[in-house]
Amino acid sequence: MGDVLAGFQTVWEFDTDSMLIRFERGIRTPKLLQALGERRIPFEALSGVELAVGKRGTVVLRAVPRPGADPLMDAADGQLKEAYDPYRLVLPAERETLADYYAERIRESLCPDADLPAEAHLVTVPPAPLSFKAYDGKASFDGKAISFRWFWTGASSEKWKVGDQHFRIDELTGVEWRSPESRGSAGTVPKEGSAKGASAKGGAAKDGTARNGTGKAAPKGGGHGYLRLLRRSAEDEPLGRPDQDPAAVVFGMGYGLVHQSLPFAAAVLEAIRASSPVPCAEGAPSSNRTGAPRRDPADIAERIRHLGELHTAGLLTDDEFSAKKAELLAEL
Numbered sequence: 001m002g003d004v005l006a007g008f009q010t011v012w013e014f015d016t017d018s019m020l021i022r023f024e025r026g027i028r029t030p031k032l033l034q035a036l037g038e039r040r041i042p043f044e045a046l047s048g049v050e051l052a053v054g055k056r057g058t059v060v061l062r063a064v065p066r067p068g069a070d071p072l073m074d075a076a077d078g079q080l081k082e083a084y085d086p087y088r089l090v091l092p093a094e095r096e097t098l099a100d101y102y103a104e105r106i107r108e109s110l111c112p113d114a115d116l117p118a119e120a121h122l123v124t125v126p127p128a129p130l131s132f133k134a135y136d137g138k139a140s141f142d143g144k145a146i147s148f149r150w151f152w153t154g155a156s157s158e159k160w161k162v163g164d165q166h167f168r169i170d171e172l173t174g175v176e177w178r179s180p181e182s183r184g185s186a187g188t189v190p191k192e193g194s195a196k197g198a199s200a201k202g203g204a205a206k207d208g209t210a211r212n213g214t215g216k217a218a219p220k221g222g223g224h225g226y227l228r229l230l231r232r233s234a235e236d237e238p239l240g241r242p243d244q245d246p247a248a249v250v251f252g253m254g255y256g257l258v259h260q261s262l263p264f265a266a267a268v269l270e271a272i273r274a275s276s277p278v279p280c281a282e283g284a285p286s287s288n289r290t291g292a293p294r295r296d297p298a299d300i301a302e303r304i305r306h307l308g309e310l311h312t313a314g315l316l317t318d319d320e321f322s323a324k325k326a327e328l329l330a331e332l
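Residue numbers (full-length UniProt numbering): 1 to 332.
Any given hint could be a false lead.
Distance windows between CB atoms, simulated [said to hold, decoys possible]:
{"#": "1", "residue 1": "E104", "residue 2": "F151", "range": "51 to 59 Å"}
{"#": "2", "residue 1": "S147", "residue 2": "D15", "range": "36 to 44 Å"}
{"#": "3", "residue 1": "D100", "residue 2": "E320", "range": "43 to 51 Å"}
{"#": "4", "residue 1": "E320", "residue 2": "L98", "range": "30 to 38 Å"}
{"#": "5", "residue 1": "R305", "residue 2": "R56", "range": "36 to 44 Å"}
{"#": "6", "residue 1": "I27", "residue 2": "A330", "range": "50 to 58 Å"}
{"#": "7", "residue 1": "I304", "residue 2": "R28", "range": "15 to 23 Å"}
{"#": "8", "residue 1": "V4", "residue 2": "G48", "range": "19 to 27 Å"}
{"#": "9", "residue 1": "V64", "residue 2": "E96", "range": "17 to 25 Å"}
{"#": "10", "residue 1": "D318", "residue 2": "D100", "range": "45 to 53 Å"}
{"#": "11", "residue 1": "S147", "residue 2": "P112", "range": "22 to 30 Å"}
{"#": "12", "residue 1": "K55", "residue 2": "S131", "range": "51 to 59 Å"}
Just so you know, the hints here were simulated from the structure itself, not pulled from any lab data. Heads up, the beta-carbon is just placed ideally off N, CA and C, and yes, glycines get one too.
Using the sequences and the hints, build the whole thing.
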C-alpha cells in the first residue's frame, strides 16, 4: 500500500504484506506503548479489523490479531486496558471515511487462514536480555533461562527457604501473567480456579488453583499482579498462591509495572514456543509422514525468515536454527 495513517499517539505505515505500527513518545502515550516503540505486524497475523465510534469525537480502528500470532497478546490474555492496546488506532471523527477505506484494504490483505489460530508466532517481541523488579524479587531473562533473585524485604519465607531460582526454557511449557490493573485484582490474590496462562501451543493454558487470601509478601494498597512460569515437572499439580510459589514473582502498581513485566512475559513465551518441537500426528516426524501435503514455498520462506530473527535475537542457538531450518526445507 505504501501509505501512512496517523492517529493520536500512534501511526500505521502500510506495506504490501505488513504494517509498521509506531508509538509516539510523550506523557500522553502509555508507558507500555512507549516501551514497545514500534511493531511490524504481518497481515497474516491478523484475523480481521474493526471500526467503531470512539469517545469525544473520535473513531477507533482496531486490527484483530489471530490467537497464537502475537506472544504479547497471548500473554496479556485480554487483560490490557483499551489505552494500552497496541492494535488500536484513534482518529478524529472527520477521518472516519478514510479509516473505513484502510479497514477494507486490510481485509483484502488477510490470509486464507485468518479465522484459524496461527501455527507459529508471527509478531516479533523485544529481544533478550530483559529484566524487571517485582515486589518480592528481580526477574531476569538472558534468552535461554529465567532467574528469580529474591528480595529480603519482600519475599515470603517459603521463597527464602528454597532460595533464588533458575529455570531453563526447555523446562517450561508456558507463562501466566496477571496485570495489577485488571478488574478484580485490587486487594486480593486471584480467586480459586481463576489462574489462566499462555502456553507454548498458543492461547490459554488449563486452569490452575490460586487460593483466596492476602499473601504476606503481597504489596499493600492497589492491585496485585504476578508472573508465573509453568513448569513441565509440575503440569499435574494445582497452582498455589503466587507469593509462595518459587516459580512466580509478585508485583503491584509500583513494582513490576505492565510496561516492564508484560514484554518480559511475551519474550519468555516466544522462546518457549521456539524451543518446543513441532507436534506431529501419532508421534511421527513431520518430514517422514507419507501422503502429507506439500507446504507453500512462500510460507516456508516466511517461517525461515522468522527463525532467522529469533537466531539474531539470541533466542535460538546456531545448531537449533540449522536444525529447524532443515526441517522446514524438508517439507518442500
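Results for each hint:
1. E104 - F151: 51 to 59 Å: holds (52 Å)
2. S147 - D15: 36 to 44 Å: With Cβ atoms ~38 Å apart, the hint holds.
3. D100 - E320: 43 to 51 Å: Given range 43 to 51 Å: holds, Cβ gap about 44 Å.
4. E320 - L98: 30 to 38 Å: Roughly 45 Å apart at Cβ, these two residues miss the hinted range, so it is violated.
5. R305 - R56: 36 to 44 Å: holds (41 Å)
6. I27 - A330: 50 to 58 Å: holds (52 Å)
7. I304 - R28: 15 to 23 Å: violated (40 Å)
8. V4 - G48: 19 to 27 Å: holds (22 Å)
9. V64 - E96: 17 to 25 Å: holds (19 Å)
10. D318 - D100: 45 to 53 Å: Since the Cβ atoms of D318 and D100 sit about 48 Å apart, the hinted range of 45 to 53 Å holds.
11. S147 - P112: 22 to 30 Å: violated (42 Å)
12. K55 - S131: 51 to 59 Å: violated (36 Å)
Violation of the numbered hints given earlier is confined to hints 4, 7, 11 and 12; the remaining hints are satisfied by the structure.
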